[in-house]
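Student: Residues per chain, in single letters:
There are 2 protein chains.
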Amino acid sequence: MQALPETSDAAMTRSGIRLTPQRRYVYEALMERRDHPTALEVFLRAKERMPSISLATVYNCLDALTESGLVRQVNCDRSSSRYCPNLVPHGHFFCKGCGVVFDVPVNPGNQPAWEVPSGADVSHVEITLRGLCPACAQKSTHPTSPL
Amino acid sequence: MQALPETSDAAMTRSGIRLTPQRRYVYEALMERRDHPTALEVFLRAKERMPSISLATVYNCLDALTESGLVRQVNCDRSSSRYCPNLVPHGHFFCKGCGVVFDVPVNPGNQPAWEVPSGADVSHVEITLRGLCPACAQKSTHPTSPL
DNA sequence: ATTTTGTTTTAGAATAATTCTTGATCTCAA
DNA sequence: TTGAGATCAAGAATTATTCTAAAACAAAAT
Numbered sequence: 023m024q025a026l027p028e029t030s031d032a033a034m035t036r037s038g039i040r041l042t043p044q045r046r047y048v049y050e051a052l053m054e055r056r057d058h059p060t061a062l063e064v065f066l067r068a069k070e071r072m073p074s075i076s077l078a079t080v081y082n083c084l085d086a087l088t089e090s091g092l093v094r095q096v097n098c099d100r101s102s103s104r105y106c107p108n109l110v111p112h113g114h115f116f117c118k119g120c121g122v123v124f125d126v127p128v129n130p131g132n133q134p135a136w137e138v139p140s141g142a143d144v145s146h147v148e149i150t151l152r153g154l155c156p157a158c159a160q161k162s163t164h165p166t167s168p169l
Numbered sequence: 023m024q025a026l027p028e029t030s031d032a033a034m035t036r037s038g039i040r041l042t043p044q045r046r047y048v049y050e051a052l053m054e055r056r057d058h059p060t061a062l063e064v065f066l067r068a069k070e071r072m073p074s075i076s077l078a079t080v081y082n083c084l085d086a087l088t089e090s091g092l093v094r095q096v097n098c099d100r101s102s103s104r105y106c107p108n109l110v111p112h113g114h115f116f117c118k119g120c121g122v123v124f125d126v127p128v129n130p131g132n133q134p135a136w137e138v139p140s141g142a143d144v145s146h147v148e149i150t151l152r153g154l155c156p157a158c159a160q161k162s163t164h165p166t167s168p169l
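Note that the protein sequences, when read in sequence, are chains Z and S.
Take the first sequence: its letters are residues 23 to 169, numbered as in my numbering.
Take the second sequence: its letters are residues 23 to 169, numbered as in my numbering.
The hints are simulated quantities; they were obtained by calculation from the structure and are not laboratory data.
Among these hints, one or two may not hold up.
Just so you know, same-sequence chains aren't split out, so a pair can sit in one copy or run between any two.
[What the hints assert, rightly or not] Subject to a maximum C-alpha distance of 20 Å in a straight line, what follows is the list of computed DMTMM-like cross-link-like pairs (lysine to aspartate or glutamate):
#1 Lys118 with Asp57
#2 Lys118 with Asp143
#3 Lys161 with Glu63
#4 Lys118 with Asp99
#5 Lys69 with Asp85
#6 Lys118 with Glu148
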C-alpha cells in the first residue's frame, strides 16, 4: 500500500542526488503547477519561498534534476528551454499563437516506424508538434467579424 | 519529362523569394553536400565562392529560405541550429558521440500515434532521435582492450 | 569533536548563438 | 530615372546559458 503520491524528498532521495533545500524548492516549483516553465519562471517561483536563491543555482538544480532523471528538459526551436516533471513517455505540443506548451500522450503501439542504420543505438526519441491550440485555432478562423 | 534535378535558381524562383547571389550561394552551400551544417559552416562554404558575404547575411538568407520552405531548420537541445534541404518528410538522428546528424526516413503509421485536444491545429510534427551512430556505438562496446 | 574532502551555492563575469540597427546598395516597376 | 521597398554588410546588442572563484555546507575519516 504505497500508491500515495511520492513526496519531492522521497523522489529525490530515490533518484540518488543529494537533497538540498534549493533542489527541493526547484523541484516543487515544477510539481506545484505542472505546466512547462522556463528556468526564469522556475527561478521566480522558487524565489517566493527562498528569496535568496540565485538564477545560477536554479540552472544548477535543473541540470541535476534532469541528469538524475526526475525532470525532462523540453526545447522548441531556439526559445528558452522548458522543464517538465512528467516522466511518462509523451510528446509536446507548442502553440505558435500563445506559446502554451502541453503534453501529448503518444500511443506506443501506433508510432510511425523509423529506420535507423543498423548498428545505431537509439537512446531517446522526442516528438514535437507545433500548431495552434484550440483557443488560438478558433480565434484565427473567426477573424474580427466585419459588422 | 522534367525529372531532372531542379537548379537552385529554379527552386528559388518557384518558391517566390527574390533571387540574389547571396541566397544562391547559401542555398548551393546546402545542396552541394547534403549534410546538416550550422549557420557558421554555411557561412564558411559560401565565403569560398563569395568572399565578401557576411555571417549576418547568411543568417538572413537561411531565414528567407526557411520561411519560403526551401530549407528546414533542425534543432537539437540548445546547440546551434542546423539546416537541411531535404524537403521529404523525415526525422533526424543526432549522435551523442561524434555529433553527426543524419536524416531518418519515417513511415507514417496508419493509426493516429498521438492525441491532441480536439480543435487543435497541428501544422508540423518533428521527430528527433538521439543516441550513438553505428561507428560510435561500436567504439563504446569495444573499450580499449586490456592487453 | 575536528579535520579533510568533496559538493553545492552564490554573484557576477564570460560565452555563444542569434538578432537588431543603420546606412549603403540594389532591384523592380511606374 | 526615379522612387519604393527589399537586401546587404558591419558591428553592436541581446538572450539564454555556462563558467569562475570564493564561501558555505555536508559527509567521511581521523
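Student: Would you mind marking each hint as holding or not holding in the structure?
Tutor: Checked hints:
Within a single copy, Lys118 and Asp57 get their C-alpha atoms as close as 16 Å, which meets the 20 Å cut-off; across copies the closest is 28 Å, which misses it. Proximity of Lys118 and Asp143 under a CA criterion of 20 Å is satisfied inter-copy only: 10 Å between copies versus 33 Å inside one chain copy. Taking CA atoms no more than 20 Å apart as the test, Lys161 paired with Glu63 passes in neither setting, with 27 Å inside one copy and 41 Å between copies. Within a single copy, Lys118 and Asp99 get their C-alpha atoms as close as 11 Å, and across copies as close as 19 Å, so both meet the 20 Å cut-off.
Taking the closest pair of Cα atoms, Lys69 and Asp85 come within 20 Å of each other only inside a single copy of the chain (18 Å); across copies the shortest separation is 38 Å, beyond that limit. In the homo-oligomer, the alpha carbons of Lys118 and Glu148 lie at most 20 Å apart both inside one protomer (19 Å) and across protomers (15 Å), since each shortest distance falls under that limit.
Consistency with the previously given hints fails for number 3 only.
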